[in-house]
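Undergrad: Sequence:
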Amino acid sequence: MPSSKQAKKRVLTDDRRRLANKAKNTAMKSAIKKVEDAETKEAATAALPNAVKMIDKCVKHNILHANAAARRKSNLDQHVAS
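Going by my numbering, 41 is the number at position 41 of the sequence shown; the sequence numbering is gapless.
Misleading hints may appear alongside valid ones.
Derived lysine-lysine pairs resembling DSS-like cross-links, with alpha carbons at most 27 Å apart [what the hints assert, rightly or not]:
no. : residue 1 : residue 2
1   : 57        : 41
2   : 33        : 73
3   : 53        : 73
4   : 29        : 57
5   : 53        : 29
6   : 73        : 22
7   : 41        : 29
8   : 60        : 33
Estimated spans, in silico, between C-beta atoms of each pair [as the list claims (entries may be wrong)]:
no. : residue 1 : residue 2 : range
9   : 36        : 14        : 31 to 41 Å
10  : 39        : 74        : 19 to 29 Å
11  : 22        : 46        : 18 to 28 Å
12  : 36        : 11        : 30 to 40 Å
Since the hints were derived computationally from the structure, they do not count as laboratory data. For each residue, glycine too, the CB sits at the ideal point set by N, CA and C.
Start from the sequences, fold in the hints, and give me the full structure.
TA: Dropping the structure here:
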């Protein structure tokens with residue numbers, strides 16, 4: 001348990017940030033799955049911009065490393081192209 005006032009506040013803010021980051025991460029993964037699970041190439045192509053947008057948002061909020069985001073976007077592009 002935190003003893004100082006600052007440590008108590010950090011516990012609260014860390015919990016809020018953890019939940020917000022978890023929500024963003026889940027939304028990103030859901031968007032990626034929509035591209036990967038699309039029935040047709042047209043559906044995957046339509047879902048791709050939203051997935052890329054969510055990946056970029058996670059990079060902006062330091063949830064995902066920039067190189068990891070580039071790798072995921074590249075894999076999605078390859079998946080849609082094939």
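Undergrad: Decide, hint by hint, whether the structure agrees.
TA: Evaluated hints:
no.: 1; hint: 57 <-> 41; result: holds (25 Å)
no.: 2; hint: 33 <-> 73; result: holds (13 Å)
no.: 3; hint: 53 <-> 73; result: holds (10 Å)
no.: 4; hint: 29 <-> 57; result: holds (12 Å)
no.: 5; hint: 53 <-> 29; result: holds (12 Å)
no.: 6; hint: 73 <-> 22; result: holds (20 Å)
no.: 7; hint: 41 <-> 29; result: holds (19 Å)
no.: 8; hint: 60 <-> 33; result: holds (21 Å)
no.: 9; hint: 36 <-> 14: 31 to 41 Å; result: holds (32 Å)
no.: 10; hint: 39 <-> 74: 19 to 29 Å; result: holds (23 Å)
no.: 11; hint: 22 <-> 46: 18 to 28 Å; result: holds (27 Å)
no.: 12; hint: 36 <-> 11: 30 to 40 Å; result: holds (37 Å)
Against the hints set out earlier in the document, no violation occurs for any number.
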